[in-house]
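A.B. asks: Here are the chains, one letter per residue:
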Amino acid sequence: MSLYDTIIDKIKQVQEYDKEGEPVTSIAASSTLAAEITLLSSILVAVIMLRYFSNALMIIAVLLVASIAIFAMPLMPRFKREQNDSLNSMIFYMILALGIITTLFYWGSLNV
Amino acid sequence: MNPLIALMVIIPITCALLVNLFHTKDKTVKILSIVVALFLPIIPLFTSYGLHYFGGYMTLAQSPVLSQWVPASITNSALNIFHMGIMYSFGSAQQIFIVALGIIAFLAILTSLSETKKASGVYAFLMFMGVASMSAVILTDDIFNFYVFFEIIAIAQVGIVIASKVKGNLEAALKYMIIGGIASPLLLLGIALLLGVTGNVNITDIVYSIKTGLVNPQSPVLLMACALIIFGWSYAAGLPPFHTIKSEIYSRALPHGAALLQAFSVFTLAAVGIVILRIFSYLAFSKVIIIALSLAAMILSITMALMQTDFKRIIGYLAVGELGYIGLGLGIGTSMSITAGLFQAVNEAIITAFLFIGFGTVLYLTKESDIRKLGGMMVHTPKIALLVLLAGLAMAGVPPLNAFQSKLMLIQSSLNAGIPELGIIMILLSIVTFMTFMKAFYAIYMRSKPKGLKISNSKIPKATIFSLVVFLIICIMLGLFPQIVTNYLQPLATSLI
Amino acid sequence: MIIDSQLASFFTAAALIIIGLYAALFLDNIIKKIIGLAFIGDGANLFIITMGYKAGGIVYIFLPDMTVNWFAQNASYPLPFALVLTSIVIGASTLAVMLALVIVLYKKYGSIKASKILGAKQNQETENSIKGDGL
Chain A
1163 MSLYDTIIDK
1173 IKQVQEYDKE
1183 GEPVTSIAAS
1193 STLAAEITLL
1203 SSILVAVIML
1213 RYFSNALMII
1223 AVLLVASIAI
1233 FAMPLMPRFK
1243 REQNDSLNSM
1253 IFYMILALGI
1263 ITTLFYWGSL
1273 NV
Chain B
4 MNPLIALMVI
14 IPITCALLVN
24 LFHTKDKTVK
34 ILSIVVALFL
44 PIIPLFTSYG
54 LHYFGGYMTL
64 AQSPVLSQWV
74 PASITNSALN
84 IFHMGIMYSF
94 GSAQQIFIVA
104 LGIIAFLAIL
114 TSLSETKKAS
124 GVYAFLMFMG
134 VASMSAVILT
144 DDIFNFYVFF
154 EIIAIAQVGI
164 VIASKVKGNL
174 EAALKYMIIG
184 GIASPLLLLG
194 IALLLGVTGN
204 VNITDIVYSI
214 KTGLVNPQSP
224 VLLMACALII
234 FGWSYAAGLP
244 PFHTIKSEIY
254 SRALPHGAAL
264 LQAFSVFTLA
274 AVGIVILRIF
284 SYLAFSKVII
294 IALSLAAMIL
304 SITMALMQTD
314 FKRIIGYLAV
324 GELGYIGLGL
334 GIGTSMSITA
344 GLFQAVNEAI
354 ITAFLFIGFG
364 TVLYLTKESD
374 IRKLGGMMVH
384 TPKIALLVLL
394 AGLAMAGVPP
404 LNAFQSKLML
414 IQSSLNAGIP
424 ELGIIMILLS
434 IVTFMTFMKA
444 FYAIYMRSKP
454 KGLKISNSKI
464 PKATIFSLVV
474 FLIICIMLGL
484 FPQIVTNYLQ
494 PLATSLI
Chain C
28 MIIDSQLASF
38 FTAAALIIIG
48 LYAALFLDNI
58 IKKIIGLAFI
68 GDGANLFIIT
78 MGYKAGGIVY
88 IFLPDMTVNW
98 FAQNASYPLP
108 FALVLTSIVI
118 GASTLAVMLA
128 LVIVLYKKYG
138 SIKASKILGA
148 KQNQETENSI
158 KGDGL
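From first to last, the protein sequence lines stand for chains A, B and C.
Taking the numbering used here, the leading residue of the first sequence gets 1163, the next gets one more, and so forth.
Taking the numbering used here, the leading residue of the second sequence gets 4, the next gets one more, and so forth.
Taking the numbering used here, the leading residue of the third sequence gets 28, the next gets one more, and so forth.
FYI, nobody ran anything at the bench for these hints, they're computed from the structure.
Don't take every hint at face value.
To be verified - Using 20 Å as the maximum straight-line C-alpha spacing, the simulated EDC-like pairs for lysine to aspartate or glutamate come out as follows:
(1) A/Lys1174 - B/Asp313
(2) B/Lys370 - B/Asp313
(3) C/Lys143 - A/Glu1244
(4) B/Lys170 - B/Asp373
(5) B/Lys462 - B/Asp313
(6) B/Lys170 - B/Asp313
Unchecked claim - So these bits of chain C aren't anywhere near chain A, every CB distance computed over 12 Å:
(7) Ala51
(8) Phe53
(9) Ile62
(10) Ile76
(11) Val86
(12) Thr94
(13) Ala123
(14) Tyr133
Claimed, not checked - Simulated restraints on C-beta separations:
(15) A/Asn1217 - B/Asn5: 36 to 42 Å
(16) A/Ser1192 - B/Pro453: 18 to 24 Å
(17) A/Gly1261 - C/Pro91: 24 to 30 Å
(18) B/Ala81 - C/Val86: 21 to 27 Å
(19) C/Lys143 - B/Gly216: 53 to 59 Å
(20) C/Lys135 - B/Gly216: 20 to 26 Å
(21) A/Gly1261 - B/Lys462: 51 to 57 Å
(22) B/Ile77 - C/Gln33: 20 to 26 Å
Cβ atoms here follow ideal geometry from the backbone N, Cα and C, with glycine treated the same way.
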């Protein structure tokens, strides 16, 4: 199956999850593709900035992101499903972020 | 002492109370609101720079009457120069912020009064209350006072959403309050840790204590305080993980309300960002976290904006995404980048308000905000379509409009700072921003009208068109002469590094 | 005394915050979630009050028979108490608004389950039309 079909399938899955039952329009498909490409390219470029901390970390991270990009291709439908408007998932991500920020601070202030 | 500084907060609060007092007297409320709103951007123009001390007490060193009663062990210590009461400081940067806030508030209030029939009610009250608190947040030099007004803004924001009769507004409001109920005590905890280490809530004094070594700057308590305050900052501004709820809040308010809500977020982001830089700029890692959060905001929000089908939600996500640019400017941490970031804050507040009110005309005519059900609006409102298109161009950073100048400055400063990746991401996401905007613009204005769509025949109020034109003039003015703003922001940016 | 009372208060504050976070994250009942939020706020307030505590300190009221030096050395720190008072008022008002919203939503849905009222599905109605002129 070509990449385009995979993406259309994924969009359909997400729409079934939303129970909207609308046909996949060309606008929806092209904007999902654009979002996908934007997401991957900007994350790849952002990951290169890890070179300010350590080159090895940067190489590992770039390879990781690239492999995710190849093997888990339509990321955007998943991202959309994760960033939904449900209160419980919002609180979950919030507390996760709180944990990450506070933990990183101890690591970061020692290493940066 | 300059009484006008305090008046910037007192006048909107008084007006808010009077609006409540004259409830059901629509005409009085209308005239009062418009007159006071007109004064909002004018007062800061005539206020001279300086400090305002509430209670009249400055420092022990400056109050000989008090200091003669105090033992020498205190007057000889740093306590002698610590400030005793709440202090407002008004400089050129604060002036620009409050003028921009005042203009947006005036135009939002004017539009809301002309687009809705009920002039009196809680809506105008909440708008004025929010503006007053926002001015206080910009002005205050006291971190606890800042927290208090920050909470009032949060309640005013929720109130504006509750007062709008948009589908799903109550759910969004409750979610925002619950999330705020977790995030703001944690911000308070961060402030409490600062208070515990330095014994002070005045930002100038905290900075003095840290810089002169009265407290140990590497103390882990300060690190925790910084982490918690940055977390609270991301809640206040809507950086991830709060971008979903923030964009939802925008989309569940009426367009004129949303225009004001996003201005609150933008200026809170700038004001708190300045506080964080002032206190914690010695921690190199705080800037890394700011850059990381801003990048996450840009990438996640702009890609999410592409996936939405509701135009208010699209602009909401774009507004949150654009906040990332301001954060990047603050995070790069050079004088030029901070100036550019603050300039971008002023621009973005104006442009997003422009977009919200511009697209709001569609909602006004059709009562519909789903872009899949809209179309053919170009035939009905060609002039508004042009204005909205210009707003979109401004947001994407097309010359000669204002965001071009600030984004250019941001990209240049990222190159000068030796982080070209940030410049690349900024350009990339600007293009995607424009694409997202064009998607909504095409669906609403350019494609043929769907069958089921009912467009009411009522005319767009003149006040709305006036607001849009004023926003456009400001965008062009700042685009051609960015020095009008940057010269005012430069001193603050230089003092931060 | 097994543990210093200031330290005990700090631990209580930490426990309150952690219990509150747990309630907000894992309990589905919105009222229980809001009680959790009140716990977090109370934890933060207790933390601030505890910082103003001074073992053997006196209330910070200057009485005529005190000398200035003695007062400066023995009075507890007044600022946290003033701050907490403000913070409690803010907390109470946000709590009131939240509970009022829960009442309205309960009338609408007949349930106070967060997953039902504030879940993903209710709010993904992209249709976002307004009623009347919106006010």
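A.B. asks: With reference to the structure, classify each hint as holding or not holding.
C.D. replies: Hint by hint, here is what the structure shows:
no. : hint                             : in the structure
1   : A/Lys1174 - B/Asp313             : holds (19 Å)
2   : B/Lys370 - B/Asp313              : holds (12 Å)
3   : C/Lys143 - A/Glu1244             : holds (17 Å)
4   : B/Lys170 - B/Asp373              : holds (12 Å)
5   : B/Lys462 - B/Asp313              : violated (23 Å)
6   : B/Lys170 - B/Asp313              : holds (12 Å)
7   : Ala51                            : violated (6 Å)
8   : Phe53                            : violated (9 Å)
9   : Ile62                            : holds (15 Å)
10  : Ile76                            : holds (23 Å)
11  : Val86                            : holds (36 Å)
12  : Thr94                            : holds (44 Å)
13  : Ala123                           : holds (20 Å)
14  : Tyr133                           : holds (15 Å)
15  : A/Asn1217 - B/Asn5: 36 to 42 Å   : violated (54 Å)
16  : A/Ser1192 - B/Pro453: 18 to 24 Å : holds (19 Å)
17  : A/Gly1261 - C/Pro91: 24 to 30 Å  : violated (53 Å)
18  : B/Ala81 - C/Val86: 21 to 27 Å    : holds (25 Å)
19  : C/Lys143 - B/Gly216: 53 to 59 Å  : holds (55 Å)
20  : C/Lys135 - B/Gly216: 20 to 26 Å  : violated (58 Å)
21  : A/Gly1261 - B/Lys462: 51 to 57 Å : holds (54 Å)
22  : B/Ile77 - C/Gln33: 20 to 26 Å    : holds (24 Å)
Violated hints, in rising order: 5, 7, 8, 15, 17, 20; the structure is consistent with all others.
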